[in-house]
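**Q** The primary structure of each chain is shown beneath.
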Amino acid sequence: MILADLSRSELERRLAGPGLRLRAGPVVTQIQSPLGAVADGVALHYAAHPIEGSDGFADFFVRVDRPRNLRRWLHPQAVFYIDGEAPFTPLPLDQAFPLLEWGLNWCISAHCHQYLIFHAAVVERSGRALILPAPPGSGKSTLCAGLIHRGWRLLSDELALIDPATSHVIPLARPVSLKNRSIDVIRAFAPAAVLSRPVHDTTKGTVAHMQATPDSVRRAAEFARPAWIVMPRYEAGATAALTTLPKARAFMEMVNGGFNYSVHGRKGFEALARVIDLCACHTFVYGDLEEAAKLFDALATKS
Amino acid sequence: MICREWNGDIVVFNQETGSTHLLDEFAGIVLRRLMASECGATVGELATALAHGQDAREQQESKQAVSAVVAEFARVGVAHADAS
Chain U
182 MILADLSRSE
192 LERRLAGPGL
202 RLRAGPVVTQ
212 IQSPLGAVAD
222 GVALHYAAHP
232 IEGSDGFADF
242 FVRVDRPRNL
252 RRWLHPQAVF
262 YIDGEAPFTP
272 LPLDQAFPLL
282 EWGLNWCISA
292 HCHQYLIFHA
302 AVVERSGRAL
312 ILPAPPGSGK
322 STLCAGLIHR
332 GWRLLSDELA
342 LIDPATSHVI
352 PLARPVSLKN
362 RSIDVIRAFA
372 PAAVLSRPVH
382 DTTKGTVAHM
392 QATPDSVRRA
402 AEFARPAWIV
412 MPRYEAGATA
422 ALTTLPKARA
432 FMEMVNGGFN
442 YSVHGRKGFE
452 ALARVIDLCA
462 CHTFVYGDLE
472 EAAKLFDALA
482 TKS
Chain S
14 MICREWNGDI
24 VVFNQETGST
34 HLLDEFAGIV
44 LRRLMASECG
54 ATVGELATAL
64 AHGQDAREQQ
74 ESKQAVSAVV
84 AEFARVGVAH
94 ADAS
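Quick mapping for you: the protein sequence lines, in order, are chains U and S.
Under this note's numbering, the first residue of the first sequence carries the number 182, and numbering increases by one thereafter.
Under this note's numbering, the first residue of the second sequence carries the number 14, and numbering increases by one thereafter.
Extracted from the complex, chain U is given alone in its bound form (with noise of 0.2 Å):
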């Protein structure tokens, strides 16, 4: 069963009481919220993704909802709860489901060690994974959202998620974050794009998620070896480029950029050196988001 073939008021039935059980790749969270802005997004954004029964597993609890004092009432605000209890600060009630989603992204980066996790986007194709770590700002997730309009599958915007036995890359297809000037930028570049209302005034500037396609939720279950290592990063007015990153260094961007590498100690360090000996690694400029895909496209096809 998929969240689609929930009716609305049955989805809201759901978030305001019992919870509702949806799985993102290997993650299932059960998520409660009354609050409408949640309910519109994960109605958008997760109507592809499969709903568990309420007797079988979660790996999280959540709940976004109103703070239980006076801010329920003079500047709205939302709170993100796992377990009961509220790690982070509120945020305006608007910015109510971009928190449930950083939320989620929390849960995963500090609880799911069963992986490598690594801050970065990645897409598949042909079996082949594409691992995109940048720090924020880089266009990542710019060029991730692109490329998934340009035949590659989405297996995350945000984490990318290792099986330190195999190397595998698992797919964990949730809504793509897009800041700022990236909203208009792929509204142009896919049209077909299903994107939120954009909020404003959050920490990130504004933001709006992007749907993730349909393919990439369907095939949650293919893992992809890694193929490629490429730290992108947009210049205006650049052309595209891709420049060969010593593997040395390219372990050493995977580490900075690592949720729990530290974790996995010695076992951490010999399977992200795996990985590295699987790809061939680049950073990689760009300025016109068209020129980008092509360029990714040939990437694909001769290699």
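These are computed hints drawn from the structure, not numbers from a lab.
Just so you know, not all the hints are guaranteed correct.
What the hints assert, rightly or not - For each label pair, taking beta carbons as the anchor points, the in silico distance ranges come out as:
#: 1; chain 1: S; residue 1: 84; chain 2: U; residue 2: 347; range: 36 to 46 Å
#: 2; chain 1: U; residue 1: 427; chain 2: S; residue 2: 80; range: 23 to 33 Å
#: 3; chain 1: U; residue 1: 416; chain 2: S; residue 2: 68; range: 41 to 51 Å
#: 4; chain 1: S; residue 1: 31; chain 2: U; residue 2: 347; range: 17 to 27 Å
We put the CB at the ideal spot given by N, CA and C, even for glycine.
Since chain U is already given, all that's left is putting chain S on it; use the hints.
**A** Below, chain S without anything else, positioned relative to chain U:
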């Protein structure tokens, strides 16, 4: 200490501290020499081992370079300095 090498660059994982370090080619050579010596080595011994065909001035420069690398190793815990 666990090492992996790609095209002359070495990445080292220090199991004692859990830290990971990127070494350039020269630092990698020094580390290899150090790890190959069963009882450790002095800066002078390491410099001598690396000083094939060097004149006195070059040997002095090598010794200074090895000394700097070993000091960095000690600072990050890749090697332990022994005052004796």
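**Q** Determine for every hint whether it applies to the structure shown.
**A** Taking the hints in turn, this is what the structure says about them:
1. Take residue 84 of chain S and residue 347 of chain U: their Cβ atoms lie about 41 Å apart, and the range 36 to 46 Å holds.
2. At roughly 26 Å, the beta-carbon separation of residue 427 of chain U and residue 80 of chain S lies within the given 23 to 33 Å, and the hint holds.
3. At about 47 Å, the beta-carbon gap between residue 416 of chain U and residue 68 of chain S stays in the expected band of 41 to 51 Å.
4. At about 24 Å, the CB distance of residue 31 of chain S to residue 347 of chain U agrees with the hint of 17 to 27 Å.
When held up to the earlier numbered hints, the structure conflicts with none and fits them all.
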